[in-house]
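If you want the building blocks of each chain, they are given just below.
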Amino acid sequence: MNTIPYKHKMAAHCESGAVTSLLNNAGLDISEPLVFGISSGIFFAYFHKMKSFAFPTFIVRNKPGSIRNNLAKRLGIKFHAEKFNNPEEGMKRLDELLVKNIPVAVQVDFFYMDYLPEWERVHINVHFIVVVGKSGSKYIISDSYFPNLVELESASLRKARFAGGNMSPKGFFFYPEYIPKEIDYKKAILKGTKKACFYMLKIPIPFVGIKGIRMFARKIVEWPTFARDTEHLSHEIMKINILLEDQGTGGAGFRFMYATFLQQASVILGKPEWSELSKEMMEIGDGWREISLFAARIGKNRELGLDRLKELGNMLNGRADVEERFFRRLKNSI
Amino acid sequence: MKEKDGTIDCPQQQVILFVEKEDGKYEPIQTGSYLTKNFLDDYELKRRHLEESLKKQVLLGKVSPIYYFMILEDLTLSELSSRAGIRKGKVRKHLEAAHFNAIPQETLQLYADVFNITVPDMLKILVVTSADSTNTNTGS
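Residue numbers (our numbering), protein chains in the order written: chain H, 1 to 334; chain R, 1 to 140.
Just so you know, the hints here were simulated from the structure itself, not pulled from any lab data.
Be aware that one or more of the hints could be misleading.
Unchecked claim - Here are the computed lysine-lysine pairs in the DSSO-like style, where the Cα-Cα straight-line distance is at most 27 Å:
hint, chain 1, residue 1, chain 2, residue 2
1, R, Lys21, H, Lys186
2, R, Lys56, R, Lys93
3, H, Lys51, R, Lys62
4, H, Lys100, H, Lys159
5, R, Lys2, H, Lys159
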């Protein structure tokens, strides 16, 4: 089997990257920040204690799958999606689509992407890659986190698509089936932004949005009680940097990508005030970046006493304050 | 973030970062990971210490090799149970050294698949090397 002609491009995030890449290859000219913004990707949630996480953690984007679903709903795009109980059937179906020259985005456990360095690979069931061909026992993969097309052994892809655990992929895949000729971007941008403001300001869940950032700021001083030892705590504190920067955010926990969305949206909507808001979001992102670098530094130096954690908490509270003001202004500008 | 501040030379791990270009436009650039460039050695040091500490616990008969890999791979008991398709109560037992020898080969294979290793690889950590004996004896 050959590789489908496919323009591979790195992207900030795996799901918005896979969706953007599939749409671009299907002929729709849309940027990753627009996909992210229209689908209300910007988010925050803090999880202090959960069965599936070995340590407190947080997320900076909406629920996996929401980017595709929200975008489809708001732009009138139709994605064909399937899930499988039987791995054989799931792999066979994928092969059938590749024979028909259809590139397919599949949900996988990131851990089995063995073309990535070992230190990057963790068990997380919500990574998205695009399969663009098969050569012998290997699949040809377009992964937003890798500079080129890569090969992945069939056995690894199968394990990754059918891994168990929290948010198990169950062989899930999707590809665009219908893209409308005329798209009303203005309406979609406003709707996506309104929903993002709701998530950040109003959603009545104490660990989500601005309330979630404040909970994180409050609870970070309790992190030592979860750690096996100082090195474990250092590792977890440094993971703040990974979650905000390296784990596919475009920098500063998606805030830089959201600033880019607002800049592009201000032109589409003809709203110069959104250009000002985009600058403000870029500055907010700079503050998140400072948090990332601070976390990496105190982790590396093992400066993990209460005073340092309180300092980190204060920095987080600072982000909560500026984001609350920002999202109120954004909401009022819609 | 200005483009010059976001440019990091780290070919081992490339990422996309959205930055402000000189003309004021925000655009993506392909750059390197700040963390990998500056702190990979620290990550590797901590990982080595964790491996040594867990191996020592295995060799002293405090925990089983399943526990060793579960902690290394940052999995919870609940996640491991769900991924391997083995009841939580059984997994809890399998984490103890005392029950490890009674685990059937097929069950070991289920765990090995989750850890992406072979069963012989899993058992390798039960082999004492001279370095291990030194570590165990000195308690370092």
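Quick rundown of the hints versus the structure:
Under the criterion of a C-alpha separation no larger than 27 Å, the hint pairing lysine 21 of chain R with lysine 186 of chain H is consistent with the structure, at around 25 Å. For a cut-off of 27 Å, the pair hint linking lysine 56 of chain R to lysine 93 of chain R stands: about 19 Å separates their Cα positions. Under the criterion of a C-alpha separation no larger than 27 Å, the hint pairing lysine 51 of chain H with lysine 62 of chain R is consistent with the structure, at around 24 Å. Between lysine 100 of chain H and lysine 159 of chain H the alpha-carbon distance is near 24 Å, which keeps this suggested pair within the 27 Å criterion.
For the proposed pair lysine 2 of chain R and lysine 159 of chain H, the alpha carbon gap of about 41 Å is over 27 Å, so the pair is violated.
Hint check: a violation occurs at hint 5 only; the rest are consistent with the structure.
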